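Student: Sequence:
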Amino acid sequence: MISQLTRISCGFAAFGMLALAGCAEPANSSQSDTGNADAGEATPVIADYGQRRDEVLALLEEVGAAGNTLSGQQVNEYEVFIPCDSFDFIEEMTGEIPAVLGLELMFAMEYQGYRELMLAHAQRQAARGGLVTFTWHARNPIKVCPRGEYYECSQYAMTDDELDRLLTPGTREHALWLKDLDATAEILKDYTDQGITLLFRPFHEMNGGWFWWGQKQRYTDLWAMTYDRIATHHGITNMIWVWGADKGAEGAEQYYPGDETVDFVGTDFYAAGTDDAQFMTGYGNVQPLHGNGFIAITEVGVMPSYEIFRQIQPLWFLQWGGSFMNPDWDYAGNCDRCSPKGHVEDVYSWPEVLNVEEMPKTDRMRAAMDPVAAQEAPKECPLSLL
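According to mature numbering (1 follows the signal peptide of the UniProt record, and there is no 0), the residues represented by the sequence shown are -21 to -1, 1 to 365, in order.
Just to be clear, a hint being listed does not mean it is correct.
Taking lysine-lysine pairs in the DSBU-like style, the calculated list, with each CA pair at most 35 Å apart, reads [as the list claims (entries may be wrong)]:
#, residue 1, residue 2
1, LYS168, LYS320
2, LYS168, LYS158
3, LYS158, LYS122
Just the calculated beta-carbon pair ranges, DEER-fashion [what the hints assert, rightly or not]:
#, residue 1, residue 2, range
4, THR216, GLU331, 42 to 52 Å
5, THR211, LEU36, 28 to 38 Å
6, GLU331, ALA203, 49 to 59 Å
7, PRO62, ASP139, 44 to 54 Å
8, LEU157, TYR135, 42 to 52 Å
9, ALA251, GLU359, 14 to 24 Å
10, GLY74, ARG197, 23 to 33 Å
11, ARG151, ALA37, 37 to 47 Å
12, GLY230, ARG345, 19 to 29 Å
For the record, the hints were derived by calculation from the structure and aren't laboratory data. Note that the coordinates shown come from a computational prediction; the quantities given were computed from them, not determined experimentally. Don't be surprised by glycine CBs; every beta carbon is placed ideally from N, CA and C.
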């Protein structure tokens, strides 16, 4: 098992440990040879994948100003343990590698094996010069989550009074939340300390009522406390903060924290078809909120039609995995929120969609790109087996 202090780029990961097949340091990594001679230990390798917040912000603004969109694909929590995940299937389907890899932060606090595998996925994407975004289904910190962290624990209800206590220093609820925030900050440092600028999207779909942070009067206070604890207290500044509403985003404006702590806004779309009205409704409600004028499709089941896509001009999209990519993969055979068969392939052929090889990169990112990862042959992930 690789130490948390050892930062390397690996092309393959196995459950519970990182297998060292195809591992390579980024081009500008350095290792000191002044290790502890008495103990016979070398100084750990600290990789630098060349991503800096200000430069990545400028890169994204360049993409948006040109009317282009970065492609993106989510890899859900269970997928990091299997040989072929949704990111691999997208490459098999389209022949393209997405510019943005989506990962789930939930599980990383409690499960060391997951934490290491997630990091390996991110390192592989950064070594190609791509970007990484985190979704965070944070557990309700004041309720017992029997399995440590699990999706259902993000849906445990929290009353307004409980949220008030969570936000009040000196309370038990506040202490429990700080404990989770501090543990999360240590995980985020795994990435930011080695030059991976995360697109961090906490507390999403807040205008819906299914998560403990949803439809709360003090939602913006929760956001502010989280931002302050991570960015100010822990000094984690190499992140881009993304605020993502749900579907048509009706009423979402009351939960907007403000441009001071939000870099980009977006919406999660799970539409009934490629021309569903929720696309333009969500765009109309969310795009005006941020002064930069950009909007992202922060999650999507059915991708919109090309006509709607050109009206929205999203900065990036994050296709949700599994059957959302192809309705034939739905175990029940009736997925009404999945992209029509062949539509995802069409999206990747649209001229405005930039994949990892086409996206702009800073000089620092290019210097850090790993030629092994950039030229890596795709895995054998036969789509017919799904």
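Student: Keeping to a limit of 35 Å between CA atoms, is the pair of LYS168 and LYS158 held or broken?
Tutor: Holds: LYS168 and LYS158 sit about 16 Å apart, inside 35 Å.
Student: Do the Cβ positions of GLY230 and ARG345 conform to the proposed distance bound of 19 to 29 Å?
Tutor: Since GLY230 and ARG345 have Cβ atoms about 43 Å apart, the given range 19 to 29 Å is violated.
Student: Between THR216 and GLU331, does the beta-carbon spacing fit 42 to 52 Å?
Tutor: Because 31 Å falls outside the window, the suggested range is violated.
Student: Range first: 49 to 59 Å. Now tell me if the beta carbons of GLU331 and ALA203 are that far apart.
Tutor: The hint (49 to 59 Å, Cβ to Cβ) is violated, given that GLU331 and ALA203 are roughly 35 Å apart.
Student: Starting from the hint 14 to 24 Å, judge whether the C-beta atoms of ALA251 and GLU359 obey it.
Tutor: 35 Å, violated
Student: For a C-alpha distance cap of 35 Å, please report whether LYS158 and LYS122 respect it.
Tutor: 13 Å, holds
Student: For the hint 37 to 47 Å, verify it against the beta carbon of ARG151 and that of ALA37.
Tutor: Holds, since ARG151 and ALA37 (Cβ atoms, about 43 Å apart) stay within the stated range.
Student: Given a hinted range of 42 to 52 Å, is it respected by the beta-carbon distance of LEU157 and TYR135?
Tutor: 18 Å, violated
Student: Kindly confirm whether 28 to 38 Å is satisfied by the beta carbon distance between THR211 and LEU36.
Tutor: 19 Å, violated
Student: Honestly, do GLY74 and ARG197 meet the 23 to 33 Å range at C-beta?
Tutor: 47 Å, violated
Student: Please verify whether LYS168 and LYS320 have alpha carbons no more than 35 Å apart.
Tutor: Distance ~39 Å between LYS168 and LYS320 Cα, so the pair is violated.
Student: Is the distance from the Cβ of PRO62 to the Cβ of ASP139 consistent with 44 to 54 Å?
Tutor: Hint holds: Cβ distance 45 Å, inside 44 to 54 Å.
Hint violations for this structure: numbers 1, 4, 5, 6, 8, 9, 10, 12, all remaining hints satisfied.
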